[in-house]
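For the record, in the sequence shown the residue sitting at position 54 is 54 according to UniProt numbering, with numbers rising by one throughout.
Treat the hints as calculated values from the structure; they're not laboratory data.
Below, computed lysine to aspartate or glutamate pairings styled on EDC-like, alpha-carbon distance capped at 16 angstroms:
# : residue 1 : residue 2
1 : Lys37     : Glu2
2 : Lys4      : Glu39
3 : Lys7      : Glu39
4 : Lys4      : Glu33
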Amino acid sequence: VERKLGKGGFGQVFVGRRVTGGNDRLNGPGATEVALKFEHRNSKGCNYGPPYEWQVYK
Numbered sequence: 001v002e003r004k005l006g007k008g009g010f011g012q013v014f015v016g017r018r019v020t021g022g023n024d025r026l027n028g029p030g031a032t033e034v035a036l037k038f039e040h041r042n043s044k045g046c047n048y049g050p051p052y053e054w055q056v057y058k
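Kindly produce the complete structure, drawing on both the sequences and the hints.
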């Protein structure tokens, strides 16, 4: 995790770097620089289980 990009009602977003499996590209598939979203398990978006986006991003 390198720096904070922003925050909202459902969490905070940071810039990070892949430590394995990446290449020298800065964007697109296999990029070394990635966005990381941290969301508290008990946030209002988690009342009925994990949000659908957790499945999409897996």
